[in-house]
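Engineer: Sequence:
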Amino acid sequence: MNLVKEAMESKLLVGGKNIVDHTNEQQKILEQKRQEIAEQKRRERVMQQQVESWDEETLELKETHSSLQQEVDIKTKKLKKLFAKLQAVKAEIHDVQEDHIKKRQDLEQTQNELTRELKLKQLIIENFIPLEEKSKAGSRAFFDEEDDCWRLKPIARVKETQQMMRRPVSAVGYRRPLSQHARTAMMLRPDPRYRADNILQLQQDLPSRSTREYQGPAMAANMAAVLEGALRDEDDIEVDASGLHTAGPAPSPTPAPSVPTPSVSSSRIPKPRPRTGKMSGGPTASQSLSGSAAPLYPQCRGLVPK
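Each step along the sequence shown adds one to the number in full-length UniProt numbering, with nothing skipped, and position 48 is 48.
Possibly wrong hints are sitting among the right ones.
As the list claims (entries may be wrong) - Distance windows between CB atoms, simulated:
#, residue 1, residue 2, range
1, Asn2, Gln97, 31 to 39 Å
2, Asp197, Leu120, 27 to 35 Å
3, Glu60, Gln26, 47 to 55 Å
4, Asn2, Arg34, 56 to 64 Å
5, Glu132, Asp197, 13 to 21 Å
6, Leu188, Asp21, 49 to 57 Å
7, His100, Ile74, 32 to 40 Å
8, Gln35, Ile101, 47 to 55 Å
9, Ile101, Leu152, 50 to 58 Å
Because the hints were derived from the structure by calculation, they are not lab data.
Each residue gets a CB set at the ideal place from its N, CA and C atoms; glycine is no exception.
Just need the whole structure built from these sequences, with the hints factored in.
Structural biologist: Structural data, given as C-alpha cells:
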C-alpha cells in the first residue's frame, strides 16, 4: 500500500507549478527516453553483427579440410550465405530509398503550401498593414522552441513610442476618454470642440446624372386634334318645355305668305336630328311628346352582332 501511495503521490502536481509547464517537461523527458532507447537498440545491433563476424572468423580458423571437394562445398555454402545477406541489404537499401523519396515528396508538398501561405500573408501585409506597424511587429517577434511557434514579446514601458496602455473604462469604443458632458454636447450640438473624430461632416459627392426625362413620341397635328376632340367633355343641352303645360289647344300658327321654293326631291331633304338633353317637364310633357315621330332620347342598340 505504501508503494502504491508513493506512486500516486509522484503523479500529483507539486504546488507552484503550472500544468502546461509540467506537461512540457514530461514530454521532453519522454522524448529523451525514446532517443536513449533507440540509441541502445542501435548499439545492440552493431554488437550482434560484430559477434557474428567474430564467430565466422573463429570457425574459419578452426576448420580443416580433408579434401579439395570438402573445401569447395564449404566455400559454396559461405558464398550462398553472403549472397543472401547481400540481397537482404539491397532490399533494405531499396526500402530506405523509397521511404526517403516519399518523405521528400511530403516535404516538398509542405514547402509549397507554406510558400503559398507565406506569399498570401506577405501580400496582405504589404497592402493593408502600415510600414510602422510591420516594423514594430518584426522587432517584437521571436521563435519559441519549446512550443515550436512564433510569439510576440510584450511591450515594455520605455521611452519609445511603444507603450502598452489599457483603454480607460470611461471611453469604451472611443479613442480617448470622454466625460458624460462631452458625449451629450456631441449629440446635441455640431460644435467640434468635444469631438475626437468626425470633426468635419462633408456632404456626399453625388455623381453626374446619366439618365434623362422620358419624352413621348412625336404626334402629327391632325391626330392630336382628333384625340383632343374625342376627349373633350360635351356641354349639357337644356330644353325649355314650359309651353307644353298649357291646358287649351295651341293656337294655330298664322300662315306665312307663300314664297316660291325650289323643288327638292324628298330623298335630299335632311331629316331632323334627335335632341338629347334634360327635360324640365313632368309626366304631362312626356305624354304629349310620346306621339311625335322623332324620339327625345336615343334608343339602346344592344349588342352589335359579330
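Engineer: All the hints need checking, so say for each whether the structure fits it.
Structural biologist: Okay, the hints, checked on the actual structure:
Asn2 and Gln97 have their C-beta atoms about 55 Å apart, which leaves the hinted 31 to 39 Å range violated. Between Asp197 and Leu120 the beta carbons are some 32 Å apart, a value that agrees with the proposed interval 27 to 35 Å. The supplied range of 47 to 55 Å is met by Glu60 and Gln26, whose beta-carbon atoms lie about 52 Å from each other. Evaluation of the 56 to 64 Å hint for Asn2 and Arg34 yields a failure: the beta carbon distance comes to about 31 Å.
A hinted range of 13 to 21 Å for the beta carbons of Glu132 and Asp197 is consistent with their spacing of about 20 Å. The hinted window of 49 to 57 Å between Leu188 and Asp21 holds, with their beta carbons roughly 56 Å apart. Restraint check, His100 to Ile74: a C-beta distance of roughly 39 Å satisfies the suggested window 32 to 40 Å. The beta-carbon spacing between Gln35 and Ile101, approximately 26 Å, falls outside the hinted interval of 47 to 55 Å.
At roughly 39 Å, the beta carbons of Ile101 and Leu152 sit outside the given window of 50 to 58 Å.
Violation of the numbered hints given earlier is confined to hints 1, 4, 8, 9; the remaining hints are satisfied by the structure.
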